[in-house]
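Visitor: Residues per chain are reported as follows:
Number of protein chains: 2
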Amino acid sequence: MNSRVGAVVPAAGRGERLGGGTPKALRPLAGRPMLLRAVETLLSSTLVSQVVVAAPPTLVDVVGQILGSGVRVVPGGAERVDSVRIALDALDDDIGVVLVHDAARPLTPAKLVDAVATTVLDGHPAVIPVLPLTDTVKEIDAEGRVVRTPPRDTLRAVQTPQGFRRDVLRAAYANRDLPVTDDAGLVEALGVPVTTIPGAEEAFKVTRPADLVLAEALLANSVPRDGQR
Amino acid sequence: MNSRVGAVVPAAGRGERLGGGTPKALRPLAGRPMLLRAVETLLSSTLVSQVVVAAPPTLVDVVGQILGSGVRVVPGGAERVDSVRIALDALDDDIGVVLVHDAARPLTPAKLVDAVATTVLDGHPAVIPVLPLTDTVKEIDAEGRVVRTPPRDTLRAVQTPQGFRRDVLRAAYANRDLPVTDDAGLVEALGVPVTTIPGAEEAFKVTRPADLVLAEALLANSVPRDGQR
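These protein sequences, in sequence, are chains Z and C. Start counting the first sequence at 1; every next residue gets the next number (the numbering used here). Start counting the second sequence at 1001; every next residue gets the next number (the numbering used here).
Be a bit skeptical, because a hint or two may be false.
[As the list claims (entries may be wrong)] Once the Cα atoms are required to be at most 25 Å apart in a straight line, the calculated SDA-like pairs of lysine to any residue come out as:
(1) K205/Z <-> R1145/C
(2) K1205/C <-> E139/Z
(3) K205/Z <-> E1202/C
(4) K205/Z <-> D1153/C
(5) K111/Z <-> E1143/C
(6) K1205/C <-> L133/Z
(7) K1205/C <-> V147/Z
(8) K1111/C <-> A210/Z
(9) K205/Z <-> L1133/C
(10) K1205/C <-> L219/Z
(11) K1205/C <-> R148/Z
(12) K205/Z <-> L1212/C
(13) K205/Z <-> D1211/C
(14) K1205/C <-> P209/Z
(15) K205/Z <-> E1139/C
(16) K1205/C <-> V213/Z
(17) K1205/C <-> S222/Z
(18) K1205/C <-> A220/Z
(19) K1205/C <-> L212/Z
(20) K1111/C <-> V213/Z
(21) K1205/C <-> L218/Z
(22) K1205/C <-> R208/Z
(23) K205/Z <-> L1155/C
(24) K1205/C <-> P109/Z
(25) K205/Z <-> P1198/C
(26) K205/Z <-> R1208/C
(27) K205/Z <-> P1150/C
(28) K1205/C <-> R145/Z
(29) K1205/C <-> E201/Z
(30) K1205/C <-> G144/Z
(31) K205/Z <-> P1209/C
(32) K205/Z <-> E1216/C
(33) K1205/C <-> D153/Z
(34) K205/Z <-> S1222/C
(35) K111/Z <-> G1144/C
(36) K1111/C <-> D211/Z
(37) K205/Z <-> A1200/C
(38) K111/Z <-> L1212/C
I should point out that these hints are in silico values taken from the structure, not numbers from a laboratory. All values reported here derive from a predicted model rather than from experimental measurement.
Construct the complete structure from the given sequences, taking the supplied hints into account.
Guide: Okay, here's the thing in structure tokens:
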């Protein structure tokens, strides 16, 4: 396995649950787009040597200007899977390890990026950061009746970046017909073991308006570490 | 079924994940204890006619002073189940419907309390408010390896208040040896159907420090509706 690490960020979605009209990835957070924050975190890892972003096709130039010359921006596809596949193909040939990261996790700490990449480099073909769940989870049927309560201590909420050997992720994405909930799910379907490592609370996904409130509040409370906010 | 509705709040826990030393329920939020906010929401429902709080045994008097004369405060037990059982027994005899509510969900809207109570009164023996999950969830084994990805559209995160016919909840709690993850889980174990209704984002549980930041930020952003903050 080539040990050069690249990262792809599918950011072509609209993020309708967030409201406001702007494509989700470009929503500002304390004045700077979520996508920019997410990409900067990836670039701040000494392990990551290339970042490819899949942007809405009409906004490739705008996104390129926002992110600057160190990042390759490609037109994304209709669905997240399409965008990941396109971005994956745009990585340099000698990238052997790929991180897939959500633009909507703008407060992800750099040390989590390093931990995921390091665990793949240590020989795990697929690595995901996870956290225990706060709420009890129920399985329900189509009528909203509770079917089952899975034991909470066996459940984990999955975050990003998720890390993969590039050949494994490419094989996973070659199967177009798999039902996709996440990248690791595709890899699991191949029978490849998926390893979990501890996630980070700050890596929460900005999905609903309250998540924006939390992200802004955390940024307002935090001490700037690098002169940037 | 007697249609008088009561609510119990088990608030004897320490909430160690939150840090800070104060019992979790008494942690202030924009200046007022979480427990007080949660109880006020219950009392603001026209359907709820009695509230019983299980407090840490050494703090029964303090909690009684905080909550005022309209609320019955009883010494809680070692575990949450014990506190619920004690509070349940302390409700008036003619209470036929019981809501069990977390003190740690201080921003729960009153309309959610009404919705849960109304659905029980409409003939559903057990009712829980739920929300879809934001993150993909994995089942893992003891080594942290992913075992399975349950389909996300069949999973729901459970909130409170949870509503029950009192006889059903009493029967559920009579079985001391059941593994408990939540009140509805005990009822499911009896074979009683559990109905889900839409939850509310604001009803999130304050578990980790970031949850406190979010709750404070939401309170700071909200327009006071009743002169109280």
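Visitor: Determine for every hint whether it applies to the structure shown.
Guide: Evaluation of the provided hints:
{"no.": "1", "hint": "K205/Z <-> R1145/C", "in the structure": "holds (23 Å)"}
{"no.": "2", "hint": "K1205/C <-> E139/Z", "in the structure": "holds (20 Å)"}
{"no.": "3", "hint": "K205/Z <-> E1202/C", "in the structure": "holds (17 Å)"}
{"no.": "4", "hint": "K205/Z <-> D1153/C", "in the structure": "holds (18 Å)"}
{"no.": "5", "hint": "K111/Z <-> E1143/C", "in the structure": "holds (22 Å)"}
{"no.": "6", "hint": "K1205/C <-> L133/Z", "in the structure": "holds (11 Å)"}
{"no.": "7", "hint": "K1205/C <-> V147/Z", "in the structure": "holds (23 Å)"}
{"no.": "8", "hint": "K1111/C <-> A210/Z", "in the structure": "holds (18 Å)"}
{"no.": "9", "hint": "K205/Z <-> L1133/C", "in the structure": "holds (11 Å)"}
{"no.": "10", "hint": "K1205/C <-> L219/Z", "in the structure": "holds (21 Å)"}
{"no.": "11", "hint": "K1205/C <-> R148/Z", "in the structure": "holds (22 Å)"}
{"no.": "12", "hint": "K205/Z <-> L1212/C", "in the structure": "holds (17 Å)"}
{"no.": "13", "hint": "K205/Z <-> D1211/C", "in the structure": "holds (14 Å)"}
{"no.": "14", "hint": "K1205/C <-> P209/Z", "in the structure": "holds (17 Å)"}
{"no.": "15", "hint": "K205/Z <-> E1139/C", "in the structure": "holds (20 Å)"}
{"no.": "16", "hint": "K1205/C <-> V213/Z", "in the structure": "holds (16 Å)"}
{"no.": "17", "hint": "K1205/C <-> S222/Z", "in the structure": "holds (22 Å)"}
{"no.": "18", "hint": "K1205/C <-> A220/Z", "in the structure": "holds (22 Å)"}
{"no.": "19", "hint": "K1205/C <-> L212/Z", "in the structure": "holds (17 Å)"}
{"no.": "20", "hint": "K1111/C <-> V213/Z", "in the structure": "holds (22 Å)"}
{"no.": "21", "hint": "K1205/C <-> L218/Z", "in the structure": "holds (18 Å)"}
{"no.": "22", "hint": "K1205/C <-> R208/Z", "in the structure": "holds (16 Å)"}
{"no.": "23", "hint": "K205/Z <-> L1155/C", "in the structure": "holds (18 Å)"}
{"no.": "24", "hint": "K1205/C <-> P109/Z", "in the structure": "holds (24 Å)"}
{"no.": "25", "hint": "K205/Z <-> P1198/C", "in the structure": "holds (21 Å)"}
{"no.": "26", "hint": "K205/Z <-> R1208/C", "in the structure": "holds (16 Å)"}
{"no.": "27", "hint": "K205/Z <-> P1150/C", "in the structure": "holds (19 Å)"}
{"no.": "28", "hint": "K1205/C <-> R145/Z", "in the structure": "holds (23 Å)"}
{"no.": "29", "hint": "K1205/C <-> E201/Z", "in the structure": "holds (15 Å)"}
{"no.": "30", "hint": "K1205/C <-> G144/Z", "in the structure": "holds (22 Å)"}
{"no.": "31", "hint": "K205/Z <-> P1209/C", "in the structure": "holds (17 Å)"}
{"no.": "32", "hint": "K205/Z <-> E1216/C", "in the structure": "holds (19 Å)"}
{"no.": "33", "hint": "K1205/C <-> D153/Z", "in the structure": "holds (18 Å)"}
{"no.": "34", "hint": "K205/Z <-> S1222/C", "in the structure": "holds (22 Å)"}
{"no.": "35", "hint": "K111/Z <-> G1144/C", "in the structure": "holds (20 Å)"}
{"no.": "36", "hint": "K1111/C <-> D211/Z", "in the structure": "holds (22 Å)"}
{"no.": "37", "hint": "K205/Z <-> A1200/C", "in the structure": "holds (18 Å)"}
{"no.": "38", "hint": "K111/Z <-> L1212/C", "in the structure": "holds (24 Å)"}
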